[in-house]
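Protein sequence lines correspond, in order, to chains A and B.
In terms of the UniProt record's numbering, the first sequence opens at residue 1 and continues consecutively.
In terms of the UniProt record's numbering, the second sequence opens at residue 1 and continues consecutively.
Just so you know, these hints were derived from the structure itself, not from any lab.
Worth double-checking, as some hints may not be accurate.
No distinction is drawn between identical chains; accordingly, a pair holds when it is met within one copy or between any pair of copies.
[Unchecked claim] Here are the simulated DMTMM-like cross-link-like pairs (lysine to aspartate or glutamate), alpha carbons at most 25 Å apart as the crow flies:
| no. | residue 1 | residue 2 |
| --- | --- | --- |
| 1 | K359 | E326 |
| 2 | K112 | D420 |
| 3 | K87 | E106 |
| 4 | K359 | D262 |
There are 2 protein chains.
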Amino acid sequence: MKRTTISQIFADQDHFGGRTVTVCGWARTIRDMKTFGFIELNDGSCFKNLQIVFEDGVVENFKEIAKQNVGASFVVTGTVVLTPGAKQPLEVKAAAIEVEGPSAPEYPLQKKRHSVEYLRTIAHLRPRTNLFSAAFRVRSVAAHAIHCFFQDQGFVYVHTPIITASDCEGAGEMFRVTTLDMENPPRGEGGAVDYSQDFFGKSANLTVSGQLNAESFAMAFGNVYTFGPTFRAEKSNTTRHAAEFWMIEPEMAFCDLQGDMDVAEAMIKYIINTVMEKCPDEMAFFNSFVDKGLVERLSHVASSDFARVSYTEAVELLKNSGHKFEYPVDWGCDLQTEHERFLTEEVFRKPVFVTDYPKEIKAFYMRLNDDGRTVAAADCLVPGIGEIIGGSQREERLDLLEGRIRELGMDPEDYWWYLDLRRYGGTKHAGFGLGFERMVMYLTGVSNIRDVLPHPRTVGSADF
Amino acid sequence: MKRTTISQIFADQDHFGGRTVTVCGWARTIRDMKTFGFIELNDGSCFKNLQIVFEDGVVENFKEIAKQNVGASFVVTGTVVLTPGAKQPLEVKAAAIEVEGPSAPEYPLQKKRHSVEYLRTIAHLRPRTNLFSAAFRVRSVAAHAIHCFFQDQGFVYVHTPIITASDCEGAGEMFRVTTLDMENPPRGEGGAVDYSQDFFGKSANLTVSGQLNAESFAMAFGNVYTFGPTFRAEKSNTTRHAAEFWMIEPEMAFCDLQGDMDVAEAMIKYIINTVMEKCPDEMAFFNSFVDKGLVERLSHVASSDFARVSYTEAVELLKNSGHKFEYPVDWGCDLQTEHERFLTEEVFRKPVFVTDYPKEIKAFYMRLNDDGRTVAAADCLVPGIGEIIGGSQREERLDLLEGRIRELGMDPEDYWWYLDLRRYGGTKHAGFGLGFERMVMYLTGVSNIRDVLPHPRTVGSADF
Numbered sequence: 001m002k003r004t005t006i007s008q009i010f011a012d013q014d015h016f017g018g019r020t021v022t023v024c025g026w027a028r029t030i031r032d033m034k035t036f037g038f039i040e041l042n043d044g045s046c047f048k049n050l051q052i053v054f055e056d057g058v059v060e061n062f063k064e065i066a067k068q069n070v071g072a073s074f075v076v077t078g079t080v081v082l083t084p085g086a087k088q089p090l091e092v093k094a095a096a097i098e099v100e101g102p103s104a105p106e107y108p109l110q111k112k113r114h115s116v117e118y119l120r121t122i123a124h125l126r127p128r129t130n131l132f133s134a135a136f137r138v139r140s141v142a143a144h145a146i147h148c149f150f151q152d153q154g155f156v157y158v159h160t161p162i163i164t165a166s167d168c169e170g171a172g173e174m175f176r177v178t179t180l181d182m183e184n185p186p187r188g189e190g191g192a193v194d195y196s197q198d199f200f201g202k203s204a205n206l207t208v209s210g211q212l213n214a215e216s217f218a219m220a221f222g223n224v225y226t227f228g229p230t231f232r233a234e235k236s237n238t239t240r241h242a243a244e245f246w247m248i249e250p251e252m253a254f255c256d257l258q259g260d261m262d263v264a265e266a267m268i269k270y271i272i273n274t275v276m277e278k279c280p281d282e283m284a285f286f287n288s289f290v291d292k293g294l295v296e297r298l299s300h301v302a303s304s305d306f307a308r309v310s311y312t313e314a315v316e317l318l319k320n321s322g323h324k325f326e327y328p329v330d331w332g333c334d335l336q337t338e339h340e341r342f343l344t345e346e347v348f349r350k351p352v353f354v355t356d357y358p359k360e361i362k363a364f365y366m367r368l369n370d371d372g373r374t375v376a377a378a379d380c381l382v383p384g385i386g387e388i389i390g391g392s393q394r395e396e397r398l399d400l401l402e403g404r405i406r407e408l409g410m411d412p413e414d415y416w417w418y419l420d421l422r423r424y425g426g427t428k429h430a431g432f433g434l435g436f437e438r439m440v441m442y443l444t445g446v447s448n449i450r451d452v453l454p455h456p457r458t459v460g461s462a463d464f
Numbered sequence: 001m002k003r004t005t006i007s008q009i010f011a012d013q014d015h016f017g018g019r020t021v022t023v024c025g026w027a028r029t030i031r032d033m034k035t036f037g038f039i040e041l042n043d044g045s046c047f048k049n050l051q052i053v054f055e056d057g058v059v060e061n062f063k064e065i066a067k068q069n070v071g072a073s074f075v076v077t078g079t080v081v082l083t084p085g086a087k088q089p090l091e092v093k094a095a096a097i098e099v100e101g102p103s104a105p106e107y108p109l110q111k112k113r114h115s116v117e118y119l120r121t122i123a124h125l126r127p128r129t130n131l132f133s134a135a136f137r138v139r140s141v142a143a144h145a146i147h148c149f150f151q152d153q154g155f156v157y158v159h160t161p162i163i164t165a166s167d168c169e170g171a172g173e174m175f176r177v178t179t180l181d182m183e184n185p186p187r188g189e190g191g192a193v194d195y196s197q198d199f200f201g202k203s204a205n206l207t208v209s210g211q212l213n214a215e216s217f218a219m220a221f222g223n224v225y226t227f228g229p230t231f232r233a234e235k236s237n238t239t240r241h242a243a244e245f246w247m248i249e250p251e252m253a254f255c256d257l258q259g260d261m262d263v264a265e266a267m268i269k270y271i272i273n274t275v276m277e278k279c280p281d282e283m284a285f286f287n288s289f290v291d292k293g294l295v296e297r298l299s300h301v302a303s304s305d306f307a308r309v310s311y312t313e314a315v316e317l318l319k320n321s322g323h324k325f326e327y328p329v330d331w332g333c334d335l336q337t338e339h340e341r342f343l344t345e346e347v348f349r350k351p352v353f354v355t356d357y358p359k360e361i362k363a364f365y366m367r368l369n370d371d372g373r374t375v376a377a378a379d380c381l382v383p384g385i386g387e388i389i390g391g392s393q394r395e396e397r398l399d400l401l402e403g404r405i406r407e408l409g410m411d412p413e414d415y416w417w418y419l420d421l422r423r424y425g426g427t428k429h430a431g432f433g434l435g436f437e438r439m440v441m442y443l444t445g446v447s448n449i450r451d452v453l454p455h456p457r458t459v460g461s462a463d464f
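Model the full assembly from the supplied sequences, consistent with the hints where possible.
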């Protein structure tokens, strides 16, 4: 048997019209009209279903097929018939149908609308629904688009480590990784747990960012990027936070903050254009059933320049907006999601980079501006999401970086190799982090991060 | 300043000859010939260096440049001069050179050969050497080739979870992931650690494989693949084991073991061909300095059919070989690396799939053959490495799978969702796992896994 995918048939209708094919897939619906029947077959190769018509007397096991349950898998051999004018452009008239695997009567995905909350409890089956089929295909296409974007420009992909023995970023709560016996861990003289006996000979955690490691590779390859999982052990039970998520972190030598924003903007446009081109059916679905303005909004973003505004100006805009915020805004405070969304949704009505934040609210490695009180950071805010990218030019001046580390009560010794990068041929450099799930939410209009993660890990939940 | 990369100049010599360019990079060597000097500049955009000639009187800060240390970074503006007949096809005559970042006198990468063991202690600098520059670029190109191979055929990329609350695979030792206070964890009534108070509400680990999750997506999308980090807490301190490594795991519905091997073989050939085409300088370097027969061997593999032999036949071949093995071989025993390498290096002299292993030495999910004692497994063995791929057709028959789970003393309840995939439209399906680092070792001839991992994590070591 030579199998043809449904995507191949739809992509080349003239070729397949009149030909005999064998298609394999799962029934989304089965209708028994007594002397004939219809199967809406989906094989996962594309969003669309293929209509199978089967007739008593032609298909010899008609009764067996007609009584199958939704979700059953079939191998169908038949002729492709073009049906111009009909709802679908073509169908397959079955000559033979084989039940590959039946579907038990209690199959949870009967033909009715289920809540996303319910579907999360059957994460092993939800990719068979329109919503999740579309979301996870867009996720896959977007991931590949990101690789192509960077690889085509000569960026080197670096797999930065997942397990780290440092907490250099110091960003939020981390997960411990251990092989010690939790019931009875080895203890040192003072009674404290003796991590020298742990697997790595010291205390270890899951990474929160690959940036510092990526910087060391940027100082060799010029342009690099990471694309891997990162972790936060924050107990935030929101629609935007997950304990495990994927991040893209490019890092570029000989690049300043303007260049950094140029790359970020070009990347977002490239991802949008690629997904709109490769997933038209999925995007039409999201536009109809999830977020009415989606396609228009994304098209607008892909074709317009992102705004750029300094933090100082942004704070003025917010203060003078007359809008009542839950959290008051003033120079020096961190922007809340409500502020970010107001800026991008109400003030600029498109993506906006907010730059040059007060140093106190940003990470130690960001480059100090000449004003002595702001750093060369740039966060990209997008409508419906808020912050999607956080970037900065990095502090390349050894004395300033060391000073900042000390100022924050950290020990420069812990950063010996990171500081080395400034001792030996340091360069101006910059980079950013894109939260991949937020990007997929932005692309699809899906509003809960749990519904763009194949198997979401959140506080209290690590099923499947 | 519009920056030109060295790779652009070498790729389009006719265009750049005679033109003024600005290049940025790091000095691999600097030679001061009193009235003029040479810099071998590397910018990481390609393996090759660019020769910069700078002359006293032309470059106004000649003395400053001439006294710079190896490793310093420069911004050079000058004219590209084609030099047919010379060792290098072109050089840049500098008009102006700016020191972007000096390199301190104790820079560890002076121009001499360092041992790989020493270079592992400066993992933040080793990508600046020829060996690691080549290895990590090949790694990046191979990773992208894998994405392209699958995406071009319509496979959906699935990010299977890193943190899992099941140990479904039961494969070897796992790392615990926890936010409990190790010094004083909460305990239940009997005194045992109370994992219901841990972050996920239960005991959690780092994944050893995304396969079971990938299967659930294959039952929706047909063809899927994973590419992500996996973990083993085995204390094996060998040249082939790391605690953290990357795996590729395709999973295909409506596919049997023959189809599985076809995809695996096509994938390996595609990776080899892509790397040979995109990294000619790197491959020439490995062929000269790391593994003399490398390019010839890889070319041979890319153009010949892989052998296929059953485990039963393979055992006979080994027993009748007259070769003295450290571990004796007999039907029923697991093949050791020495056996695997003998088969691929001495018997077949090319990659070989060994199929249909005794069920006792393989995982519970592999499909039982009609003989009742072997399973439809296929391991791919390659010269110099041994096993690089482990694959199988999966058991799609609910009763047999459940029986096997019980037989092994496991609880079918723990596998409820995995078994569901056989209840609701189950299909014949198959997949495999490729150890990415082993693939990179195979491509480069590098013999220690620590030298193809950007920041290796092994027992007792998680630096950088």
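Right, here's what the structure says about each hint:
In the homo-oligomer, the alpha carbons of K359 and E326 lie at most 25 Å apart inside one protomer (24 Å), although the nearest pairing across protomers, at 63 Å, exceeds that limit. In this assembly of identical chains, the alpha carbons of K112 and D420 lie at most 25 Å apart only when taken from different copies (20 Å versus 60 Å within one copy). Taking identical chains as interchangeable, the C-alpha atoms of K87 and E106 are never at most 25 Å apart, the minima being 31 Å within one chain and 74 Å between chains. In this assembly of identical chains, K359 and D262 lie within 25 Å of each other by CA distance solely inside one copy; the values are 23 Å within and 56 Å between copies.
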